[in-house]
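**Q** Sequence:
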Amino acid sequence: MHFVQFSEDKEQRKPFHYPVVLRFVIGGRSNETVQNDRSYSLDERLLSCSDVIEVRQAKFHPGSVNDSHILALTSDNMFRLYQIDNREAINLGVYSIGEKPGGMFPGSKTAFLDMYGEIGVDFDFGFPEFSSKFTKTSNEIPQPKAVNKTVNVYSGKIHAKPITQDIPTKVEELIYPVYILRGDCAIYSMNIDLNRRIKPTLQGPYNIHGQPAIVENEACALICLKTIPQIFSVATSNGTLINSILLDIDTEEKGKNSNFTKPLASIPTKELMVFEQIELELGLSVYQENEEESKKYKCPIFLFQDESKSSRFFATHNAGIHSINISCVEELHNYVFGSEDVTPTFDIFINPSSAEYLLCTKTVNSDKANPVTGFTIYYEPTSIISLLSDGSVVTLGILTAPLASKENNILSNDDDKTSNRILSPLKKMLNEPFDEYIQKILKKSSSQPVLKLSSTLNNTPEECYDLLQTASQMLREKHIKNLTKVREELEKRMHTLCMLKQSQKAELEKMADAKEVLREKAENLAEKYEDIKDKQDELMNRCEKLLMIASRKKSEPSDAEKKFMKDLNGISQKCFSYNDSIDKLKSKVKYQQFQIENWKSEQAKKIENMSEIQCTTIKSALKESSQKINKMVREVNQYKQQFNLK
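Per this note's numbering, the very first residue in the sequence shown carries number 1; after that it's consecutive.
Read the hints as simulated data drawn from the structure, not as lab findings.
Below, a list of computed lysine to aspartate or glutamate pairs in the EDC-like style, where the Cα atoms sit at most 20 angstroms apart:
| no. | residue 1 | residue 2 |
| --- | --- | --- |
| 1 | Lys-545 | Asp-534 |
| 2 | Lys-528 | Glu-538 |
| 3 | Lys-270 | Asp-250 |
| 4 | Lys-521 | Glu-509 |
| 5 | Lys-586 | Glu-624 |
| 6 | Lys-100 | Asp-114 |
| 7 | Lys-533 | Glu-544 |
Here are the simulated distance ranges between beta carbons:
| no. | residue 1 | residue 2 | range |
| --- | --- | --- | --- |
| 8 | Glu-129 | Gly-374 | 32 to 42 angstroms |
| 9 | Tyr-639 | Asn-598 | 29 to 39 angstroms |
| 10 | Glu-129 | Met-78 | 17 to 27 angstroms |
| 11 | Asn-630 | Lys-600 | 17 to 27 angstroms |
| 12 | Lys-533 | Arg-634 | 44 to 54 angstroms |
| 13 | Arg-634 | Leu-568 | 16 to 26 angstroms |
Where is the CB? At the ideal position from N, CA and C, for every residue including glycine.
Could you put the whole structure together from the sequences, leaning on the hints where they help?
**A** Here is the structure:
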């Protein structure tokens, strides 16, 4: 569990002069409590003895395998990398991110560079990238026997001197880029290798397209959301959030916009495009009869990533806590991983992001504040735990439903106008689910934070009265107005449904009457159908009889009869020819039998016997002839049966 701790200074909320790494253990059983496991001091002597150097930000390096590397940003434009090893904090390196501040304002700790916004105020880690580097490896080359020989003075022996050659090899490493924010909203980057194989180079500043004009150097926080493409959010001390997308620079634009005065390694390969600007409400607006323009409140803002939802992050400040939800994350993800035929449109950014005021610790018309001194996020379910300056701890559960923005309401009204041209009000009412329509009405369009003012400060009766007036006005404008509208919609819906019920009853009665009429008509049609069918059968029988009589009285045969007689004559002629051939075959059979008997008698008189081959040949010939005769006899009998011949 990570717990972020700020200083006790309620006005500036500057970090401690030296960071302390704390590790907490939370038990799963009820008898186990949170306890401090181990703590380390990082550069305690340097940071405690120096009145100028202060820690601006400190984070664990995500590329550390054992979570033992810590990167700290100090006010002297330096990165300091530490490693916790063997119960000791080791300083691995110090990296410069800009010009070191030299001059200070008299009587203060503010540097001249800090006034111009040229000192880093915050940093965050981006998605890991592959970094390629060529390293030299020495390989021994075989040499001839009489070449490169040396004499050992002590032993007198001759040895061959080995020859080595350095071969460059390409090595790819996974490096997490560090994005740095300066006070003037300029963003730089640096790749810090934990193995210290690659020398880090400062790249930037990044080109920011569509960046709003910043009068003062008010940038104070930076967060890199874990989205694709990656979204950056920069917070200023006046409560403005500038959201932008990190994009790759085209090769053509990179060649046009390249600055030849800078080294090639310091030129960034990416750029930022601002697509949205959000104004945070730093304090609760209190109802006043004589409203006067007051000076806008300014305070440092700290941003925290929500690991359970990539499009959401939290902002803490002296006036409370905000929850910010970026609405275009899903559309960007679908466009990046969608088909290549889809062309980019500005509809992706048409839905504005929402900023919900969760916890309020200050009113607008009062300088008294109860700033947030500690903040952490608890998951499953997502909840926030905050520690206020008066010692109170506030826990809030995070709802998943986003706020309904005014722009969405306007768009929905426009959609309603266009749909009214096509559909009638009744069809429109029945097409949309009524529960969803009621939820849209009851859905809050503005955040209503939990008010947690300092208990140590005594509020005046005027301030208490203003708070009461504000609460009652909000109740009238936000809640009662919506409830009244819901009641009207319910009454309208009930009246419409009653009218529909009556009309449907009338239609059911009409349909019942029509059903009876149709039933009577169907019965009449069935009776008529039976009569018509009987008449049709009678007419068919009469037609058949007439055709038979007409055919009998006709003297000349028809074409079909002529064809049939012709076929019969042809068949009878074939039968006569078959009978003649059968008689001839029978006479031949008798003659062959007579010859066989004579041959058998002659052979019986002879002493010599026939060979087996001759016997089989004769038997097969006789068998075939008998089969043919039987087949012809069967065919003749079949023809006799067909034509009734004796």
